[in-house]
Amino acid sequence: MRRSYLLSRLTDLVVVLFGVSVITFLMIRLVPGDAVAIMLGANAEVTPERMDELRARIGLDQPIVVQYLDWIGGVLTGDLGQSLWTRRPAIEEIAGHIWPTIQLATLSLVIGAALAVPLGVLMARLRGRGWEVGLQIGSVAGLTVPSFWLGIMMILALTTLAPGVQMLGYVPFSQDPLGNLARLILPAIALALPILANLARLVRSAMLDALQQDYIRTARAKGVSERSILYKHALRNALIPFVTSVGIMTGYLLSGAIVVEQVFAIPGLGRLLLGAIAERNYPLLQATILLVTVVFVAVNFVVDLVYAWIDPRVKT
Amino acid sequence: MKRLISTAALVAAMSVGASAAGAQVLELAVADSPAGLDPHIVTAFTSFQVVNGTVYEALTEVGPDLRIRPSLAESWEVSDDGTTYTFTLREGVSFHDGSAMTAEDVVASIERVKAEAIGSPLASRVAAVASARAVDERTVEVTLSEPSAPFLTQLASIAVVPSEFEGDAESLQQQPVGTGPFAFEEWQPNNYILLGANEDYWRDGVPKLDGVRFNIVPESATRQVGIASGQYQMLPNIDAATALQLQGRPGVALQDTLELSYTLLGMNTSKPPFDDPLVRQAVNYALDREAIVQAALFGSGVAAGPLSPALEAWARDVSEFPCYQHSPEKARELLAEAGVETPVKVTMLVLPRQDIRDIAQVAQAQLNAAGFEVELNIPELGTFVQDWRNSNFDIFASANAGSVDPDDFFYRAFRSGGSTNVFKYSDPRVDELLETGRTELDEAARKAAYDELQGILACEGPVAHVAYGQLYTATREGLTGFEIIANRSLSTLAETSTAQ
Amino acid sequence: MATAAPATARRRPPTVLLVAGGFLAATVLVALAAPLVAPYDPLAQSVMARLRGPGAAHLLGTDQFGRDLLSRILYGLRASLAISFGAVGLALLVGGTLGLISAYYRGWTERIVMRVMDVLFAFPVMLLAIGIIAVLGPGATTTAAAIAIVYTPIFARLLRGPALVVATSDYVLSARSIGASDARIIALHILPNLASVVLVQMSLLMSTAILVEASLSFLGLGTQPPTPSLGMMLSEGRNFLLLSPWSAVFSGLAILFVAFVLNFFGDVLRDQLDPRLR
Numbered sequence: 001m002r003r004s005y006l007l008s009r010l011t012d013l014v015v016v017l018f019g020v021s022v023i024t025f026l027m028i029r030l031v032p033g034d035a036v037a038i039m040l041g042a043n044a045e046v047t048p049e050r051m052d053e054l055r056a057r058i059g060l061d062q063p064i065v066v067q068y069l070d071w072i073g074g075v076l077t078g079d080l081g082q083s084l085w086t087r088r089p090a091i092e093e094i095a096g097h098i099w100p101t102i103q104l105a106t107l108s109l110v111i112g113a114a115l116a117v118p119l120g121v122l123m124a125r126l127r128g129r130g131w132e133v134g135l136q137i138g139s140v141a142g143l144t145v146p147s148f149w150l151g152i153m154m155i156l157a158l159t160t161l162a163p164g165v166q167m168l169g170y171v172p173f174s175q176d177p178l179g180n181l182a183r184l185i186l187p188a189i190a191l192a193l194p195i196l197a198n199l200a201r202l203v204r205s206a207m208l209d210a211l212q213q214d215y216i217r218t219a220r221a222k223g224v225s226e227r228s229i230l231y232k233h234a235l236r237n238a239l240i241p242f243v244t245s246v247g248i249m250t251g252y253l254l255s256g257a258i259v260v261e262q263v264f265a266i267p268g269l270g271r272l273l274l275g276a277i278a279e280r281n282y283p284l285l286q287a288t289i290l291l292v293t294v295v296f297v298a299v300n301f302v303v304d305l306v307y308a309w310i311d312p313r314v315k316t
Numbered sequence: 001m002k003r004l005i006s007t008a009a010l011v012a013a014m015s016v017g018a019s020a021a022g023a024q025v026l027e028l029a030v031a032d033s034p035a036g037l038d039p040h041i042v043t044a045f046t047s048f049q050v051v052n053g054t055v056y057e058a059l060t061e062v063g064p065d066l067r068i069r070p071s072l073a074e075s076w077e078v079s080d081d082g083t084t085y086t087f088t089l090r091e092g093v094s095f096h097d098g099s100a101m102t103a104e105d106v107v108a109s110i111e112r113v114k115a116e117a118i119g120s121p122l123a124s125r126v127a128a129v130a131s132a133r134a135v136d137e138r139t140v141e142v143t144l145s146e147p148s149a150p151f152l153t154q155l156a157s158i159a160v161v162p163s164e165f166e167g168d169a170e171s172l173q174q175q176p177v178g179t180g181p182f183a184f185e186e187w188q189p190n191n192y193i194l195l196g197a198n199e200d201y202w203r204d205g206v207p208k209l210d211g212v213r214f215n216i217v218p219e220s221a222t223r224q225v226g227i228a229s230g231q232y233q234m235l236p237n238i239d240a241a242t243a244l245q246l247q248g249r250p251g252v253a254l255q256d257t258l259e260l261s262y263t264l265l266g267m268n269t270s271k272p273p274f275d276d277p278l279v280r281q282a283v284n285y286a287l288d289r290e291a292i293v294q295a296a297l298f299g300s301g302v303a304a305g306p307l308s309p310a311l312e313a314w315a316r317d318v319s320e321f322p323c324y325q326h327s328p329e330k331a332r333e334l335l336a337e338a339g340v341e342t343p344v345k346v347t348m349l350v351l352p353r354q355d356i357r358d359i360a361q362v363a364q365a366q367l368n369a370a371g372f373e374v375e376l377n378i379p380e381l382g383t384f385v386q387d388w389r390n391s392n393f394d395i396f397a398s399a400n401a402g403s404v405d406p407d408d409f410f411y412r413a414f415r416s417g418g419s420t421n422v423f424k425y426s427d428p429r430v431d432e433l434l435e436t437g438r439t440e441l442d443e444a445a446r447k448a449a450y451d452e453l454q455g456i457l458a459c460e461g462p463v464a465h466v467a468y469g470q471l472y473t474a475t476r477e478g479l480t481g482f483e484i485i486a487n488r489s490l491s492t493l494a495e496t497s498t499a500q
Numbered sequence: 001m002a003t004a005a006p007a008t009a010r011r012r013p014p015t016v017l018l019v020a021g022g023f024l025a026a027t028v029l030v031a032l033a034a035p036l037v038a039p040y041d042p043l044a045q046s047v048m049a050r051l052r053g054p055g056a057a058h059l060l061g062t063d064q065f066g067r068d069l070l071s072r073i074l075y076g077l078r079a080s081l082a083i084s085f086g087a088v089g090l091a092l093l094v095g096g097t098l099g100l101i102s103a104y105y106r107g108w109t110e111r112i113v114m115r116v117m118d119v120l121f122a123f124p125v126m127l128l129a130i131g132i133i134a135v136l137g138p139g140a141t142t143t144a145a146a147i148a149i150v151y152t153p154i155f156a157r158l159l160r161g162p163a164l165v166v167a168t169s170d171y172v173l174s175a176r177s178i179g180a181s182d183a184r185i186i187a188l189h190i191l192p193n194l195a196s197v198v199l200v201q202m203s204l205l206m207s208t209a210i211l212v213e214a215s216l217s218f219l220g221l222g223t224q225p226p227t228p229s230l231g232m233m234l235s236e237g238r239n240f241l242l243l244s245p246w247s248a249v250f251s252g253l254a255i256l257f258v259a260f261v262l263n264f265f266g267d268v269l270r271d272q273l274d275p276r277l278r
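Protein chains in written order, with this note's numbering: chain Y, 1 to 316; chain C, 1 to 500; chain X, 1 to 278.
Note that these hints are calculated values from the structure, not bench results.
Be aware that one or more of the hints could be misleading.
What the hints assert, rightly or not - Lysine to any residue pairs mimicking SDA-like chemistry, simulated, CA-CA at most 25 Å apart:
hint	chain 1	residue 1	chain 2	residue 2
1	C	K330	X	A140
2	C	K345	X	A140
3	C	K114	C	P150
4	C	K424	Y	G138
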């Protein structure tokens, strides 16, 4: 990997991050609705003067450019602002919600990846037109099943088949490792299905490619353990498309988690985000969108670098 | 270290479940996170049900029978002219931080609610208070600028907090400190709020539970499955649709009461078409309240007059209001008489809550059958509140909180220039009756004023009252001592225990 | 152990494409014909017949207002397809134009346009869509607009690459040399070469747009009642899951079905265009 490549990618990164911060900020400020009105509730009796006073107290009376500069200045020095209502630093609120989401996303990815290898190999072995079409139908269905619907159906099935089982909500892993996993397994499966479908397809086509390579045929002819070579080669083949799709899958997981967390009552970033929208918690909403997007951008950046490293042809 | 141990104990209790002797933390599931727990700043119902009567108490309280009874004040005297109240405080009450609750704290709490810097939405409830002073440790004297019939009721909503928070608008939002049977322990945002038993509570023998955990579970279906499986032991203050699904589930019991709060269609009287009383009457005739109750509330509720039938002493029966006869023909006649062009095109602003959405959809169909053409606009909550507050609507569908005193139902909403009079309604006779109702101390005269007022408001007022729903609380069977209260307070959690 | 596959076995027979296309066409036709084929008015309420399971009078049952689920699903199919088609079409129009302009003019135009696209592309899909809807307010139109904005950079990028190749190809250069206008060159020479790629991408994105619409409606941010969209039906139905799961089950299946049909068609078509991509 050349230094100039790294440098140009870094420049791009900075530009994108700046753009993301501007869009995040503007998006939130254009939101209709009044934070103060929300705080007081629909039935609150309060004079306009009191509302102005309250508004001034939380800085909403400043011109928008001043508000942006204040905010971005803080962000660059590590201060993401305060949650309006809880008065705690936004970064703390995010830290308090980030683990369930990371755990959920990782668990989904692990489930998807772990099952994808045997499934993909199996798919590669099933030959014939009927099988081909069937597999395609199956994998496309896996890609398009709405994860939140699947989640609801799982909950419905759970309550019908095993009414006494308690698998909702969230407990931290450190408190109760088994309870933690028990509660995350259903949402993780719901979220993992499209990932599984996607990865299994990658493994299958890498496997089919491998089967056609000359040296596999040669190896087979020589009587070398066919299976080990085949697997090694096929899995290495699958690695590049896997790496490139990690970025896409991260985006999917972050998006999917927002809805799935809602269904399973998991206190992750999705819940933080929706809650912040509902209560017009501008600083918290900004901080969350910014942080999640930065993570997403960073993942994609790393993916690009790894890809360039694996495949030296990429230079531009 | 102490915190660590108690957490560990809780975890143990949780995983072993109800079979553990002793440690019992009641698991509740609620839909929304509160926006904060300062009782003087956040008055929304999501906060109210967590802290009212559990963490915080006031001088008076509303009992399950909706009557006012003493709480932190053990007794009071009222001067003959009705303007001076002398409260004697209960002895041996202390805050969760260990300090004793004194007359100073009561005075500071009232001052705090009145203070500009706090910006409390409750300020109007103590607007009549001219001064409050601590006579001695256990005596508070409150002077009113004029007699106020609803004063003792209003005091029930003024939580007593330690005097050190008088000028502090932030600390209590996160760390509530009160005198109630449960003390705040932990808030994991979007996960749960945990209250622990107050060992030094002034009432003997309560609380019976070791703690109460409000699990925040946004999905209705998830909450239902949770109580069906026993993971949650209580779903407080749920609507009829949810209750219906839990009815008859093994292990689940339901309690119900008639709501104080009501669903309504509010009309903007400052612009056509609803500036015309005839059009407003037409809306009343067009509505088939029974059908709405059947369709949207699953039959659990009653057609609403201006006051909840739960207030037996005050409410007039809806059969006394002629416009409560469902008659699309009459509605069309009235529209013709008003000389408006039909169909009357209006947009209905709808509170984004499931029961209100449902009511709006049924009302839309009914109004459209009686000469209107209604379009629904269901924004998210923030936009709704803003449009509502700025009177930016033709007609809206929403729910209004009720209270145990008629003054609370009416004064803010219907007086000319009243703070929640978003209808821009103004009627001199109504204003007069509202003043009488507020300052008249003679029960019979008050009743007469409110009777007349209900007559005026029912048919020509800016609000078409729709229904008082049945309010439910679902619990696991075997839970004893809990009693549902129509104002949605969970104060009876103090008496609740999980029987073994 | 299977022997090495003969290369021919991997070429998809066109019948699959025909079947996939047929399914898609049939789905669209049924959706368009919803008013003709739906047995009931999707908004007609009947309190007495609410929350029924599947039966003779109502093939798929009824919802909490006694509205016929089958009719609502047919209308919902139409609404969901309209939203996703509108969103993807708009994204194609805007994003495609921006991509073509970038490829054709290069220089600063390209740099600025593509940087803006990079920024939009940097957000996770749902996060950006939710943010945009928070600004525009919920509703069918704004949902479509939000999804369109989210997908705009995809088309800009998709079209810029091939357009670059085409724009510098001999026949475009020669067209330019004989004095053809820019618009004419783009319309006559560049676009036709990209049609198949665009068609594949459109059907794949419409499939995900259906899912995004459903997610947004599920969160209460999408289509508003009483108009049935599939996502909104699922969102309403899930409140009655324990009593009568039919509404949630069938509307979810309908979402899965239409997303599947679109994605399958795109997938098969892509195989057909470039079998190596499978």
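So, going through the hints one by one against the coordinates:
no., hint, in the structure
1, C:K330 to X:A140, "violated (36 Å)"
2, C:K345 to X:A140, "holds (21 Å)"
3, C:K114 to C:P150, "holds (17 Å)"
4, C:K424 to Y:G138, "violated (60 Å)"
The earlier numbered hints that this structure contradicts are 1, 4.
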